[in-house]
Amino acid sequence: MTYATHEGAKRHGSLLTVDAKTKTRNAAETRFRIYGIIAILAGLSFLVILAFSIIRSGLPAFSANMVEVELTLTPEQYADAEAQLFKTRAYEQVFNAAFTSELQERGLDTEFDAESIQRIIGNTGATLRSFYRANEDMLGQPVTFNLPTASRVDGYFKGRLLRENVTDSRFLTLADLDLADELKEAGLIQSKFNWTFITGKDSSVDNPGGAGIGASVVGSFAMMLVVLFLSLPIGVAASIYLEEFAPKNRWTDLIEVNISNLAAVPSIVFGILGLAAFIQFAHLPQSAPLVGGLVLTLMTLPTIIISTRASLKSVPPSIRDAALGVGASKMQAVFHHVLPLAMPGILTGTIIGLAQALGETAPLLLIGMVGFVAREYPGGLASAFMDPNSAMPAQIYTWAARSDDAFYEKAWGGIIILMVFLLAMNILAIILRRRFERRW
Amino acid sequence: MSKLTFTTSAVAILALSAGAAVARDNVQIAGSSTVLPYASIVAELFGDNTDFPTPVVESGGSSSGLARFCEGVGENTIDIANSSRAIREREIEACAANGVTDIIEVRIGYDGIVFASQINGPAFTAFSQSDIFLALADKIVVDGAIVDNRPATWADVNPDLPAVEIAAFIPGTKHGTREVFEEKVLLQGCEDTGQMAAMMEAGLSEDDAEDACMAVRTDGASVDIDGDYTETLARIDANTNGIGVFGLSFYENNTDKLKVATMGGVAPSTATIASAEYPVSRPLFFYIKKAHIGVIPGLKEYAQFFMSDEVAGPNGPLANYGLVSDPELASVQATIESETVMGGGM
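Protein chains in written order, with the numbering used here: chain A, -2 to 437; chain B, 1124 to 1469.
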């Protein structure tokens, strides 16, 4: 309020008339507000564009054009197929022949043969073989299968592949598209929710229809467990010691600075460290979620230590003083009073650290979790940690690098799933904070 | 609370040390990103068709795959290295130094390298190796003197080509494909144009002349792509005049986006590559660590399955994806069967 009594202000008329100086000041303030609003709008529009493009590119991954077919496999055909080296091919041939003759009985306009069916429906062998191997009693009886169409036909129905871009090749011919259109009209090909994408495993470049993110979700989950069970206790113990017990001297200052620096180290560095320490020196298996979890633990620790120390610091000293005043030991004061009050902040920091680790790809490149890895669901608890598996971001990276468009679509779909997990974790962190945080 | 924390960390550390003792029961493969699609197809089929677990196939490039292969013998090293070129003498020595002495070489077939441009771009439909060399070489000989080679448009190189700026996206030096590009395109073009002879006349030794032939201009007209073909495709997508180097199978999977150029008048296809009419092709390999056969379950079976007539033959899934199958498949099968190691007869 000093300016009101200023000499200059008194000399120039009343406060009620706006003079030139005030006008410029007000204009500057208005301009600044407009800049602020523009910045926020720009940020928001980037977010909207990003979300829109992710959803638009990723949503098709959640549906698939499936063929519903009834097939009867005789025990002779089964024995014959199992006797071969390339068994799945034999199943495919049986299926193609059966489906071709069934369609020919219906009398379709388009001419076709078993090879067209192979091009339209694609990889059926593995599905059929695993079903009959598990259910030998179903031999000789009609069984209904839901089989995905080949990626190009699926892309054609989803608008990814345009008819004018199709030239007859060994992958697809224009006549195949006519046949597929006819099957779609007859209701034999239907667009369904793609459960395989959610629950499935990675598949080879030749079989995009069979690819799913499920196995790598399990891999990510195993890694997150390792990170949680290692980084939370280590991080909390380290921060309690540094914050409550450690003497303030040059050594603890040095440690503090280094922890802050560690938080800024690029994650790929942790990958190289993990490769050298865990795989080459400690001889842990390659591509194992355990190693991935250990590497990500190193990466998450600084985040957890920094946020834990901040929340320990925010507990008012009066709490400690009161506890010490009634005769509690230092440790009792910390564990009975300070830590419970700091817990919401610690948990929030941990969850945010975990979310960061969940989306990390770079260190996984170096420890062999990128590639054709997420091929099997783990058989048990130990194998979930020790057997080769991938992780969600690594799986997305792998898919995005494949030549077939169908995998690109799956990469976007994978991003949606990853975002859902991240969003859920962040919402959990917000809820925890809102619910338990105490203001002093 | 503190007790709980210490117990959990103790349990975690125990679990860690126990982990080291678990035996590996799946085959581990790493190497060339060109071989990766084929290896992943076979790995999936191998898991589907046998009772062995599906092998793990990692990417990373031929050199890094072979380097990991040569790290030593034991469960924490890989069993098979995929490579888009033959193993080098230097790598065999590095292997031997680490105890990896018995290596089985398996040639899986041939891969064609094609030049392709955006489907909506100018008509680059006919190239010869000389055109590519004259457009991309760093230095050429003019009137007996070695000068910087800086043509701006393709028409400057060959009047039959479109008059658009030169923008080539070629594989980076860590790719196996680069070697084929250098030897089968640049060096060949260098010889065809008589530049090689001219360089030697200008005073270069044969080795220096070869190096000069394979040196690519660095003024931005030629861009090294260190990623995979999807990156090249993205660059071509963004540049109407761009020309990219792709594998045949990648091109065949993206015929709706790419337009392919002939080389010396021959269009690339599995047939022209198998007959060696199309000049730019290379064999693909994988290398097996013999010491791991019998230790890692399914290793030999994987190799046998890979190279069986049904899989690697002309009607198999690999040929369908774009591999040109090896006419001498039977001898490769025999090599695996007898576990014949490299250099055995030499």
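Worth flagging that the hints you see were computed from the coordinates, not collected in a lab.
It is possible that some hints are incorrect.
To be verified - Calculated lysine-lysine pairs in the BS3-like style (CA-CA distance at most 25 Å, straight line):
#: 1; chain 1: A; residue 1: K245; chain 2: A; residue 2: K310
#: 2; chain 1: A; residue 1: K245; chain 2: A; residue 2: K189
#: 3; chain 1: A; residue 1: K310; chain 2: A; residue 2: K327
#: 4; chain 1: B; residue 1: K1262; chain 2: A; residue 2: K155
#: 5; chain 1: A; residue 1: K155; chain 2: A; residue 2: K181
#: 6; chain 1: B; residue 1: K1423; chain 2: A; residue 2: K155
What the hints assert, rightly or not - On the chain B side, residues computed to face chain A include the following (Cβ under 7 Å):
#: 7; residue: F1175
#: 8; residue: T1177
#: 9; residue: D1351
From the three backbone atoms N, C-alpha and C, an ideal C-beta is built for every residue, glycine too.
Here's how the hints hold up against the structure:
| no. | hint | verdict |
| --- | --- | --- |
| 1 | A/K245 x A/K310 | 15 Å, holds |
| 2 | A/K245 x A/K189 | 64 Å, violated |
| 3 | A/K310 x A/K327 | 16 Å, holds |
| 4 | B/K1262 x A/K155 | 50 Å, violated |
| 5 | A/K155 x A/K181 | 12 Å, holds |
| 6 | B/K1423 x A/K155 | 42 Å, violated |
| 7 | F1175 | 11 Å, violated |
| 8 | T1177 | 4 Å, holds |
| 9 | D1351 | 5 Å, holds |
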